[in-house]
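*Asks:* Below are the chains, spelled out letter by letter.
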Amino acid sequence: MLGVPLVAALALLGIVAGTLGALLGIGGGVLLVPALVLLFGVAPHAAVAASLVGVVATSTATGTVHVGSGVANMRLGMALEIATTIGGMTGAFLASHFSPAVLAGAFGGLLAVVAFLLGRGRDPEHDGRPKGGASERPSVSGWEAHGALAGAYYDARSQRLVHYRARRVPLGALVSLLAGIVSGLLGVGGGFLKVPAMSLAMGIPIRVAAATSNFMIGVTALASLVIYLQRGFVDPPLVGPLVLGITVGSFAGVRIGARVAPRALRLVMAAVLALVAVEMIVKAAHGHFA
Amino acid sequence: MVTSPEFRESERAHRPVKRALAAGIVTSTAALALGTTLRLATGHLDMRYVRPRDFASPMDLGLRLLALGILVLALTPALRILVLIVVWARARDWRFVLVAVLVAATLGASIALGAT
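Quick note, the sequences are listed as chains A and B, same order.
Residue numbers 3 to 292, in the working numbering, belong to the letters of the first sequence in order.
Residue numbers 4 to 119, in the working numbering, belong to the letters of the second sequence in order.
Next comes chain A alone, as it looks inside the complex:
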């Protein structure tokens, strides 16, 4: 039954998830789904559906900041969304056919490897070559190239214009497809796969990767959410206060993120991935994903 205490608790959960999601370029679903199932006793499919709505809210809220600043590369995000939407649709259909425990354990292992690689990786923009109008501070922080998967952004901390161009796009698309499948299966945005894929495999600066991932995860989640919605797994009284909290937390996370150095972002992402990996493997082994 809905009441003021439950509404407040859901809103608080949303604030925490939204802040974490906006800060790290992930949708917060890695926190929402287990919290809803374990703390609020929500049925798994309803928790996944609620989390997907939350992911859309995070992406939309943070998009109003990152898109306006020009750091999110919309062309890169849209190109990878071809793969993620196919994956999301596939994941939602697979949800009823595969054991969540098996998949959770397998992806937990993958996340552990990615966390290790991300924690040891270097930032591509630290090449010591200042370019462009670094002496003038523009009103927007980045731009994307016309007709290409490339762009630049102004790093306020180093006061340099950082140029980048996407490499190994097929590999990035493959990981995006996997991220979409995970999104549809487990109710997460998939950002925890997309950000390392863009940063490590495609050579995209971590700040651009995180902003672009936040831009993408809304469409990724939508591809599977429409299926959950039509099959009656969305509970509006549950989702309402949760999404309100997520919206507030997302804007707060964006403000905090602007003050964090890229290396710190990468290390925090690596730590979050490691924790999520341990959580998924342990719970899968104990049969928690029923």
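Please keep in mind that the hints were generated in silico from the structure rather than gathered at the bench.
None of the values given here were measured: they were computed from a predicted structure.
Yeah, the Cβ is synthetic: ideal placement off N, Cα and C, and Gly gets one too.
It is possible that part of the hints are untrue.
[To be verified] Some chain B residues near chain A, calculated using beta-carbon distances under 8 Å:
| id | residue |
| --- | --- |
| 1 | A25 |
| 2 | V53 |
| 3 | L66 |
| 4 | I84 |
| 5 | R98 |
| 6 | V102 |
With chain A held as given, fit chain B onto it using these hints.
*Replies:* Quick look at chain B alone, frame taken from chain A:
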């Protein structure tokens, strides 16, 4: 002060997308806040699953607003894709117009398959 042509072009391109996203989040947030408040105020405390076709069925105003808010929020990413198709078509970036159309078509397929 913006002096680089690339930054100015990017700002022009990003503005309609930002407005679409802002419109979606503001509208949905208002509906969700109003719906939650109404339900608490009128004593409608039951939890209930809602499908799009349930809009034709009787339901309290608070629940209807909540469902509408979720629907608006869910459609905002799709609106963003349509806006980008127009933005990139105006910029004559036909490669990425095609990319955006492919994404929209995939979402359409997802909606159609979900209804089966």
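*Asks:* Each hint: holds or not?
*Replies:* Evaluated hints:
no.	hint	result
1	A25	5 Å, holds
2	V53	5 Å, holds
3	L66	6 Å, holds
4	I84	7 Å, holds
5	R98	6 Å, holds
6	V102	5 Å, holds
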